[in-house]
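Please put together the full structure from these sequences, using the hints given.
In case you want the letters, here they are:
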Amino acid sequence: METVLFGISAFSLVLVGIYGVLTRRNIIKILLALNILETGINLLIVSLGNTPGGKAPILTGSTAPVTPDTALFFADPLPQALVLTSIVIGLGTTALALTLTLRYFRSRKSLELGAEMTREEAAE
Amino acid sequence: MKKRNEGFISLSAVILLAALGFLVFSALTDGRPGLNIGSAPLEKRVSFRYLTKSVNSPDQAEIPAAGVEFGTSGYENGSANIVTSIVVDYRVLDTLGEILVLFAAAGGVALLMQERNKKIEQEASVIVKTAVPVIMLFALVVGAYIVINGHLSPGGGFSGGAVIASAFILQFLAFRKNPRSTGFKITETLAGLAILAYGLIGLFTQGSLFANFLPTGTVGEFLSASGIVILYTLIGVKVAAELSAVSGNFIGGEE
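Keeping their order, the protein sequence lines are chains F and A. Its first residue numbered 2, the first sequence is counted upward by one per residue in the numbering used here. Its first residue numbered 3, the second sequence is counted upward by one per residue in the numbering used here.
Rather than coming from a laboratory, the hints here were simulated on the basis of the structure. A virtual CB, placed ideally from N, CA and C, is assigned to each residue, including glycine. Treat the hints with care, as some may be off.
To be verified - Just some of the chain A residues that point at chain F, by a computed CB distance under 8 Å:
1. I17
2. L18
3. T31
4. D32
5. Y52
6. G73
7. E78
8. I88
9. L102
10. M115
11. F160
12. K187
Structural data, given as structure tokens:
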């Protein structure tokens, strides 16, 4: 049940993201939608590792020894580790995309897709 | 801007989303074995090996019967945080690639931001200038704590590095002081080279890149988990320098 709930929330975020990417014309709005889409995908991946009632996969003084039987009490750690990578790469791509957007704005004086170059820039 | 094909684009968006939604919903709820992602038992997943710290032993019988317990030693990895043991030990090559991607992004931002228009700046108010050093101190301490406790509690080099970078961003915003200094680039380069050197020591002493050459220690102690503290500290320094340099490029200002 929890997994389905997570899946529905993740899918709603992906839905908002894809809709924004496909229908917006402002580059900043497209990047925002791309980030929402990415959040949805990260949530989906983490939710796949969810065990009903599972704890965070960290050994503490109060956790029982992890044996083949008690390993089930933890959430799956692998998706969480992979999502960490995905978040950092998302940050890098967003920073680079914003830089490119700034250059685009400098030459076109507009953030709309398909804007024409201003006269001074085109003359160069 | 002309609104050409607006209806067609919206229609295809809705159709694409409906197909995607059907796929995700059926993958989550289909009861037949093998179709539902949640139907795979944990014993059949890779994560089972990570949780019981038995990746190097191919046979299930080799898993210690007493299990992995807090405060004991002698495992192939001594990290109490199992996610960290995957990120910085078992799948460290992923992390190396991640660091390279972040490096490429930071380098790209620095390259594209070279010709920066000088913008009119407003001086920060007295309140901001007084409060920022205090907040900076707390942010640096919390960031350092998160970085060096990555193997014991949630956290690590990436999140802690981001917290440290936020302290520097506050400094840029309040004082406009050297936001594009070369110090960040030198720090970042040195930390990156140190990470590679750590991997190469593993290659030459143990025979594979990033192999553990330090003792694994006791689960739960600060100096445990064979080099995760060292690696995560280096990653934290590198990420903090990279993010500070990227935001310094965006904020701009005098050299």
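Hints and how they fare:
1. I17: violated (11 Å)
2. L18: holds (7 Å)
3. T31: The hint holds - A/T31 has a Cβ within 8 Å of chain F, the shortest such distance being about 6 Å.
4. D32: violated (11 Å)
5. Y52: Result: holds, 6 Å to nearest chain F Cβ.
6. G73: holds (7 Å)
7. E78: violated (13 Å)
8. I88: Status holds, d = 4 Å.
9. L102: At about 10 Å, which exceeds the 8 Å cut-off, the nearest Cβ of chain F leaves the hint on A/L102 violated.
10. M115: holds (6 Å)
11. F160: Holds: closest Cβ of chain F sits about 5 Å from A/F160, inside 8 Å.
12. K187: Since chain F brings no Cβ nearer than about 16 Å to A/K187, farther than 8 Å, the hint is violated.
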